[in-house]
Amino acid sequence: MMFPVSPAYAALSLIDRMARAVEQVRDRLLRTAAALEAAGIPYAVVGGNAVAAWVATVDPAAVRNTQDVNILLRREDLDAAGRAMEAVGFVRRHVSGIDMFLDGPDAKARDAVHVHFAGEKVKPDSVAASPEVGESEKSDRFRVVLLQSLVKMKLTSFQDKDKMHLRDLPRINTDSHG
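Quick note, in this note's numbering, the sequence shown goes up one by one and the last residue is 178.
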C-alpha cells in the first residue's frame, strides 16, 4: 500500500528515504535533549533509543533503528518541559492517556516524543513503576537511563518490541555500566 508523500520526498531514492527516517528520529532526540538541558529539566532517554545507546557501547553493528523517542520526566516538570519543547517546534498533546510532544503541528503520534513519568506505572496493571530520572547517566549528547533500570522497564512492559530489545542487551556487561 502506498501512502501519499510530498514530491520532494518522492524524488528521494529508497536508501535516502531510509536514511532520512533514521536522521529524523536522531534529530528529534537531540533537539529534545538540548531543549530540556537548556531549561534545566531533569530527564532520561528510555525505550528503543536507550537500548540503541547501550548496544552501541559494545556492538555498533547490532544497533537497531527505532521510530520514535521516549523520555522519562517527573510529572511536576511536564509544564516546564512543554514550554521548552514548544520553543524548539514541538506541539504538546495528550492522546489516549499518553502525553507526547509532536514534531510540529501536522505530525503524527509516531513522529513524537512520548513521555513516561518517573516513579509512576505506565499502565495501572504494570508490575513496577518507571525509574526515577536520577537513574540515568550522561552520554556524549543526552542522558540515558541506567542499564539495569532499562531492563526492568522492558521486563515490566514485555511487549514484542521489548522482548526484541531484551534480546539485544545480553551482550552488555552490566557490572561495568551503572
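These are computed hints drawn from the structure, not numbers from a lab.
Please note that the accuracy of each hint is not assured.
[As the list claims (entries may be wrong)] Listed next, the in silico SDA-like pairs over lysine to any residue satisfying Cα-Cα at most 25 Å (straight line):
1) Lys-121 / Arg-93
2) Lys-163 / Asp-79
3) Lys-123 / Thr-66
4) Lys-138 / Asp-125
5) Lys-152 / Arg-83
6) Lys-123 / Arg-75
7) Lys-152 / Ser-13
8) Lys-138 / Arg-64
9) Lys-163 / Arg-31
10) Lys-152 / Lys-108
11) Lys-123 / Ala-61
12) Lys-138 / Lys-108
13) Lys-163 / Arg-93
14) Lys-163 / Asp-106
15) Lys-108 / Arg-31
16) Lys-123 / Leu-102
17) Lys-121 / Lys-163
18) Lys-138 / Pro-124
19) Lys-123 / Asp-111
20) Lys-163 / Glu-132
21) Lys-108 / Ala-11
22) Lys-152 / Glu-132
23) Lys-108 / Thr-57
24) Lys-108 / Leu-169
25) Lys-121 / Arg-143
26) Lys-108 / Arg-167
27) Lys-152 / Ala-21
28) Lys-161 / Ser-139
29) Lys-108 / Ser-139
30) Lys-161 / Glu-23
31) Lys-108 / Gly-134
32) Lys-123 / Ser-139
33) Lys-108 / Ser-13
34) Lys-108 / Val-127
35) Lys-152 / Glu-23
36) Lys-138 / His-94
These numbers were taken from a predicted model, which means no experiment stands behind them.
Cross-check of the supplied hints:
1. Lys-121 / Arg-93: OK: Lys-121 and Arg-93 at ~20 Å, within 25 Å.
2. Lys-163 / Asp-79: Answer violated: Lys-163 to Asp-79 is near 33 Å, above 25 Å.
3. Lys-123 / Thr-66: holds, 22 Å
4. Lys-138 / Asp-125: Between Lys-138 and Asp-125 the Cα gap is close to 31 Å, so the pair fails against 25 Å, i.e. violated.
5. Lys-152 / Arg-83: Measuring from Cα to Cα gives roughly 30 Å; hence the hint is violated.
6. Lys-123 / Arg-75: holds, 15 Å
7. Lys-152 / Ser-13: Distance ~40 Å between Lys-152 and Ser-13 Cα, so the pair is violated.
8. Lys-138 / Arg-64: holds, 21 Å
9. Lys-163 / Arg-31: Roughly 28 Å separates the two Cα atoms, so the pair is violated.
10. Lys-152 / Lys-108: Violated, at about 28 Å.
11. Lys-123 / Ala-61: The hint is violated at about 33 Å.
12. Lys-138 / Lys-108: violated, 29 Å
13. Lys-163 / Arg-93: violated, 28 Å
14. Lys-163 / Asp-106: Roughly 32 Å between the alpha carbons, so the hint for Lys-163 and Asp-106 is violated.
15. Lys-108 / Arg-31: holds, 18 Å
16. Lys-123 / Leu-102: holds, 21 Å
17. Lys-121 / Lys-163: holds, 19 Å
18. Lys-138 / Pro-124: Since the Cα atoms of Lys-138 and Pro-124 sit roughly 30 Å apart, the hinted pair is violated (cutoff 25 Å).
19. Lys-123 / Asp-111: holds, 22 Å
20. Lys-163 / Glu-132: holds, 22 Å
21. Lys-108 / Ala-11: OK: Lys-108 and Ala-11 at ~22 Å, within 25 Å.
22. Lys-152 / Glu-132: Holds - the C-alpha atoms of Glu-132 and Lys-152 are around 12 Å apart, at most 25 Å.
23. Lys-108 / Thr-57: violated, 31 Å
24. Lys-108 / Leu-169: violated, 29 Å
25. Lys-121 / Arg-143: Between Lys-121 and Arg-143 the Cα gap is close to 21 Å, so the pair holds against 25 Å.
26. Lys-108 / Arg-167: violated, 29 Å
27. Lys-152 / Ala-21: violated, 28 Å
28. Lys-161 / Ser-139: Given that 25 Å is the threshold and the Cα spacing comes to 23 Å, the pair holds.
29. Lys-108 / Ser-139: violated, 28 Å
30. Lys-161 / Glu-23: It holds: about 21 Å lies between the C-alpha atoms, which stays within 25 Å.
31. Lys-108 / Gly-134: violated, 30 Å
32. Lys-123 / Ser-139: violated, 29 Å
33. Lys-108 / Ser-13: holds, 23 Å
34. Lys-108 / Val-127: violated, 29 Å
35. Lys-152 / Glu-23: Violated, because 28 Å separates the two Cα atoms, which is more than 25 Å.
36. Lys-138 / His-94: violated, 28 Å
When held up to the earlier numbered hints, the structure conflicts with 2, 4, 5, 7, 9, 10, 11, 12, 13, 14, 18, 23, 24, 26, 27, 29, 31, 32, 34, 35 and 36 and fits the remainder.
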